[in-house]
Amino acid sequence: MAETRGKGKRKIKKWLVLAAVLILLFAAAGFSIQITEVTVTGNSRCDSEEITRILFPTAKERSLIYCYLSDRLKDHKKIPYVEDYDLVFESPTHVEVIVYEKSIVGYLRYMSSYMYFDKDGIIVDSTNEKLAGVPEVTGLEFGHIALYAPLPVADPKVFDEILSLTQALYDYDIQVDEIRFGARNQVTLKIGEIDVELGDSSSMNGKISVLHDTLPVLQGQAGTLYLDSYDEANTSRTYTFKKRS
Numbered sequence: 001m002a003e004t005r006g007k008g009k010r011k012i013k014k015w016l017v018l019a020a021v022l023i024l025l026f027a028a029a030g031f032s033i034q035i036t037e038v039t040v041t042g043n044s045r046c047d048s049e050e051i052t053r054i055l056f057p058t059a060k061e062r063s064l065i066y067c068y069l070s071d072r073l074k075d076h077k078k079i080p081y082v083e084d085y086d087l088v089f090e091s092p093t094h095v096e097v098i099v100y101e102k103s104i105v106g107y108l109r110y111m112s113s114y115m116y117f118d119k120d121g122i123i124v125d126s127t128n129e130k131l132a133g134v135p136e137v138t139g140l141e142f143g144h145i146a147l148y149a150p151l152p153v154a155d156p157k158v159f160d161e162i163l164s165l166t167q168a169l170y171d172y173d174i175q176v177d178e179i180r181f182g183a184r185n186q187v188t189l190k191i192g193e194i195d196v197e198l199g200d201s202s203s204m205n206g207k208i209s210v211l212h213d214t215l216p217v218l219q220g221q222a223g224t225l226y227l228d229s230y231d232e233a234n235t236s237r238t239y240t241f242k243k244r245s
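Numbering (full-length UniProt numbering) for the sequence shown: 1 to 245.
No lab work stands behind these hints, which were simulated from the structure alone. Fair warning: there could be bad hints in the mix.
[What the hints assert, rightly or not] With a Cα cut of at most 30 Å, we get these calculated DSSO-like pairs of lysine-lysine:
id, residue 1, residue 2
1, Lys157, Lys102
2, Lys119, Lys130
3, Lys78, Lys119
4, Lys130, Lys190
5, Lys60, Lys102
6, Lys190, Lys242
All chains should be built: construct the whole structure from the sequences, respecting the hints.
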């Protein structure tokens, strides 16, 4: 009986050793397989070559097993303008990178650089490149600006006003060249040859809604549109547009 049990244990041990060897062989094979093709989709701000360079800088990151385990167990790498990404293994040598970009809503000039921020007010990139369709925010004083940190505005109310305005512009798909804050934080938008006086932060979504409906009528003209007198209780009123002579 004891001899039978001993043989059974040796047999189990033999199978365990064999399984361990097979696992090591598969792992070695996996580490030796290199990803040779990377497809990037969903990106518009950061180009595909830059994303590939960040995610796969050396042969180690292109190892199939290393790439798979890193994607599952480690934090994802930071990529400019990218909220997150998924890796889809199309084959042992082909990976698709699906990119989910951040909503860039504005930028500040700081120490000869453009500092871009997203819809949450987080600085997401510092670059010398000016992105088309992103408005500049001017007229405010900022403290030290750091990458991946919130806009350093002394007054939290102003911070909320910036985010509320830029979000409304984003929602209505209105491209603005400049968002200018004046005395008492009165807001003026610059859209091509048109200035839009919005006044204070009250009823901002309603003002932007009127702007969205009015802009097609003003196409090709130059002057100032006054929406600072907007009244939610009287949405049928007309607004003044003074042509520039």
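Against the structure, the hints come out as follows:
Between Lys157 and Lys102 the CA atoms are separated by roughly 23 Å; this keeps the pair inside 30 Å, and the hint holds. Between Lys119 and Lys130 the CA atoms are separated by roughly 18 Å; this keeps the pair inside 30 Å, and the hint holds. With a C-alpha separation of about 17 Å, the suggested pair Lys78 and Lys119 falls inside the 30 Å cut-off, and the hint holds. With a C-alpha separation of about 17 Å, the suggested pair Lys130 and Lys190 falls inside the 30 Å cut-off, and the hint holds.
About 28 Å separates the Cα atoms of Lys60 and Lys102, which keeps this hinted pair within 30 Å; it holds. For a cut-off of 30 Å, the pair hint linking Lys190 to Lys242 stands: about 14 Å separates their Cα positions.
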